[in-house]
Amino acid sequence: MNKRRLKSILPIVIGSIFFLTFPWFGTPWLLHIAIVIFLNLVLIVGYRLLYITGLGSFCHITFYAIGAYTTAILITRLGLPFGVCFLASGIMSAAFAFLVGWPAMRTRGAYFFIISFGFFVIFYTILMNWYAMTGGYAGIKDIPPIMGITTVPPYYYLAMVFCAATIFIMYRLDRSRYGRELYAIGDAEDLADVIGINVLRHRLLAFAIGAGFAGFAGSIHASYYSYVAPASFSLINTIIIIAWCVIGGARTLWGPIIATVALTLFAESLRLSGTLNGILYAVVLFIFMMMAPHGISGLIDTLRGRRRRREYLDVGTK
Amino acid sequence: MALLEVVKVTKRFGGLEALKDLDLQVESGELAGLIGPNGAGKSTLFNVISGVMRPTSGKIFFQGEDITGMKPYRIAEKGLVRTFQATKLFMNLSVLANVEIACHIAAKPNTAGEVIGLTSVKQRENEAQQMAIGIVKKTGLETVSGELAKNLPHGYQRALGVAIALATRPKLLCLDEPVTGMNIEETRFMTELISRIRQEGTTILLIEHTIRVVMDICDRITVVNFGKKIAEGKPKEIKSNKDVIEAYLGTEEYVT
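Going down the list, the sequences are from chains A and B.
The numbering of the first sequence is the numbering used here, which starts it at 348 and goes up by one.
The numbering of the second sequence is the numbering used here, which starts it at 6 and goes up by one.
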């Protein structure tokens, strides 16, 4: 028992020490990549929540954008403190999710996908063209840093704590009754309905929670980069989020997390190595999907299943 | 007052009338059977009662309350729960988890409390689990309670479908062809299970193709054909009803 406890705590302790001391031995470039990964992780665990129920949206990056622009506009125009902007960003994104989700969730599968794509296009067009508010293609520059801090480590810690908190909440949510009901909806929507689960409300809530966290992440993005521009919230960015989720496989929380960390590192390291990188990225994804159609989650499940079966047999022989 | 009252329900699909001015009552405590040939409108009636479809006209009352056009989850909350003809289960969850999800219908979730880790919420979850274990045992699934639903043999899957519905503690349980495609052994097990559920005080409305089962266990049988009620009565009366034999059973062989 004690040994098992130690075994479960040890990786957390080592991990915490590593991440807490990282700014001392990490290069600025590595520190930057770590921040990117932290924000990406918040995006993916939020996106996954609705994905579990069998609905994939195309507009998750849009909620990230809404958060980033909300903070950018509130800070540069009204000079509000970061804390207020941060909260406002999350609330704004969640509110938009409700607004879009309310009608859109009455459709299924491909239809919902297309409607959310429509929302993405509308919002992107607004970002590009409403110069007075969004700055158009150039975006909004010179966003004042949080409390005047311009060094990287504080942002590293901010992103890290926020990411850890998000993953913790998602972890608990996953195991909560609400989380299990989301899985149930993904498995058999009509059965969930006739045993008394309000499918529409569950999905809408999942969509809004995911969007809210994306909004918070966008707020940190705006302050960290000190500018926002549509290029960070374009088609390729939203497709990559979907790719993380599919490659990770939504059935476990860890699948998409592993996929996001691995693919972000992979993409960033390719950036150093010349022109063929995009093709190499695509080839790796392609091969992986051929070999593991249920993603990393599928691999995790298989391993767990094997272990469970072994335990089952052990019981049988005793 | 009947527990369930279907009053003059009509359901039209384009030009086709699947149900025509159909009346049906289910009294509290009884095991009512509904039979009819393929395409008679039995499944449509189930869909209309459980809120999956809205009737073209007519009313449905449950415990005296008008539930016509309500959403399925609302109707389920009121205590009217159905099973599906095709095996619809939460395939990627374990047997126990399948039942546990359905156990929760009465209590509102406290998701925030669960995320923070409140002990009172944990306790309630434990209670639900205990209840789920009880139902798993009652439905004869305890040997496979840890398996994923998709890995179960057909007979077990059908039993799990009933277990899920039972876990919601329904006042009226509507079973849609629970023994279809089962072998003799599985059929006997399911029949006994249905009788037991009924003895414990749950009212049951049963749709079935296998006439034998309906004749054996039902108190009262309603026969429909072409969306209309053609006979109603005790199994014995139905067996000897000329209309039924001619219009539906065709030859007497089927009856015995």
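One should not assume that every hint holds.
Said to hold, decoys possible - As a list, the in silico SDA-like pairs of lysine to any residue whose alpha-carbon atoms are at most 25 Å apart: (1) B:Lys127 <-> A:Gly456; (2) B:Lys76 <-> A:Gly401; (3) B:Lys93 <-> A:Arg522; (4) B:Lys244 <-> B:Arg174; (5) B:Lys127 <-> A:Gly426; (6) B:Lys127 <-> A:Arg524; (7) B:Lys155 <-> B:Lys127; (8) B:Lys155 <-> A:Ile356; (9) B:Lys93 <-> A:Ile356; (10) B:Lys25 <-> B:Asn52; (11) B:Lys83 <-> A:Arg598; (12) B:Lys142 <-> A:Tyr530; (13) B:Lys93 <-> A:Pro640; (14) B:Lys76 <-> A:Asn545; (15) B:Lys234 <-> B:Lys93; (16) B:Lys143 <-> B:Phe66; (17) B:Lys127 <-> A:Pro640; (18) B:Lys83 <-> A:Glu536; (19) B:Lys127 <-> A:Trp601; (20) B:Lys127 <-> A:Asp489; (21) B:Lys76 <-> B:Lys142.
Hint data in this document are derived by calculation from the structure and do not stem from the laboratory.
Since we're looking at a predicted model, the values are computed, not measured.
Going down the list of hints, with the structure as the test:
{"no.": "1", "hint": "B:Lys127 <-> A:Gly456", "result": "violated, 34 Å"}
{"no.": "2", "hint": "B:Lys76 <-> A:Gly401", "result": "holds, 20 Å"}
{"no.": "3", "hint": "B:Lys93 <-> A:Arg522", "result": "holds, 23 Å"}
{"no.": "4", "hint": "B:Lys244 <-> B:Arg174", "result": "violated, 33 Å"}
{"no.": "5", "hint": "B:Lys127 <-> A:Gly426", "result": "violated, 44 Å"}
{"no.": "6", "hint": "B:Lys127 <-> A:Arg524", "result": "holds, 10 Å"}
{"no.": "7", "hint": "B:Lys155 <-> B:Lys127", "result": "violated, 28 Å"}
{"no.": "8", "hint": "B:Lys155 <-> A:Ile356", "result": "violated, 34 Å"}
{"no.": "9", "hint": "B:Lys93 <-> A:Ile356", "result": "violated, 40 Å"}
{"no.": "10", "hint": "B:Lys25 <-> B:Asn52", "result": "holds, 15 Å"}
{"no.": "11", "hint": "B:Lys83 <-> A:Arg598", "result": "violated, 32 Å"}
{"no.": "12", "hint": "B:Lys142 <-> A:Tyr530", "result": "holds, 24 Å"}
{"no.": "13", "hint": "B:Lys93 <-> A:Pro640", "result": "holds, 23 Å"}
{"no.": "14", "hint": "B:Lys76 <-> A:Asn545", "result": "holds, 9 Å"}
{"no.": "15", "hint": "B:Lys234 <-> B:Lys93", "result": "violated, 29 Å"}
{"no.": "16", "hint": "B:Lys143 <-> B:Phe66", "result": "violated, 31 Å"}
{"no.": "17", "hint": "B:Lys127 <-> A:Pro640", "result": "violated, 35 Å"}
{"no.": "18", "hint": "B:Lys83 <-> A:Glu536", "result": "holds, 19 Å"}
{"no.": "19", "hint": "B:Lys127 <-> A:Trp601", "result": "holds, 24 Å"}
{"no.": "20", "hint": "B:Lys127 <-> A:Asp489", "result": "violated, 48 Å"}
{"no.": "21", "hint": "B:Lys76 <-> B:Lys142", "result": "violated, 31 Å"}
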